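Residue numbers (the working numbering), protein chains in the order written: chain A, 506 to 622; chain B, 3 to 114.
I should point out that these hints are in silico values taken from the structure, not numbers from a laboratory. Hints should not be assumed to be uniformly reliable.
For the chain A half of the interface with chain B, some residues (derived, Cβ under 7 Å), not all of them [as the list claims (entries may be wrong)]:
1. 547
2. 570
3. 608
4. 610
Just so you know, these numbers come straight off a predicted model, no measurement behind them. Glycine residues also receive a C-beta, built at the ideal position from the N, C-alpha and C atoms.
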Amino acid sequence: DTGVSQDPRHKITKRGQNVTFRCDPISEHNRLYWYRQTLGQGPEFLTYFQNEAQLEKSRLLSDRFSAERPKGSFSTLEIQRTEQGDSAMYLCASSPISSTGGTGELFFGEGSRLTVL
Amino acid sequence: GENVEQHPSTLSVQEGDSAVIKCTYSDSASNYFPWYKQELGKGSQLIIDIRSNVGEKKDQRIAVTLNKTAKHFSLHITETQPEDSAVYFCAASIVRNEKLTFGTGTRLTIIP
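Only chain A is shown next, with the shape it has when bound in the complex (with noise of 0.2 Å):
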């Protein structure tokens, strides 16, 4: 296994068009997060999941946004009508369930640049 894979790796798109970010977490990690990073700011928590379910959702992540895990291994996040401020890199990461029940290492994907024009 490669690590955290995400795609497109960048997008670009005009104001009010949707997209859709792909991530593929480590095989047999049970938790996969999302989140935001914008130019000269630290990643800013999105949503997370535990398998399949969505566990916690930042007030960040307004109505326009959803995030899915159907079977509990990919995952993708969906920006609908998007505006320039939602222009930035959009990390996923994944980790297992640690031997205490807590949450392992978290391992992070390269991220998916998004432009909004």
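Add chain B to chain A, keeping to what the hints say.
Positioned in the frame of chain A, the structure of chain B alone reads:
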């Protein structure tokens, strides 16, 4: 919610010298403090972490110190090498790795 501040935003050191990056956090409930290294074209990588019941942790040339009373923690890199050049992020969370709050990053440049 948690707020993490990180300083400096950029840091240049001569190869072989030490580098120190500092972070402060606001939520006294935070218990877990990891440091990530972000390189161009690569996923961010955990380099070291510390939990609140420990004051210091070391892994070869990298060490992290935590002052829970003052709510600050620091990354120390000794004997810096060119491959240490990257952007470093500190983070904090109440539960390990759940909903990490990141600092704004420090771009470290090692001058050969």
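Hints and how they fare:
1. 547: 3 Å, holds
2. 570: Given a least distance of 16 Å, the restraint on residue 570 (chain A) is violated.
3. 608: 4 Å, holds
4. 610: 6 Å, holds
In terms of the numbered hints stated before, the structure departs from hint 2 and from no other.
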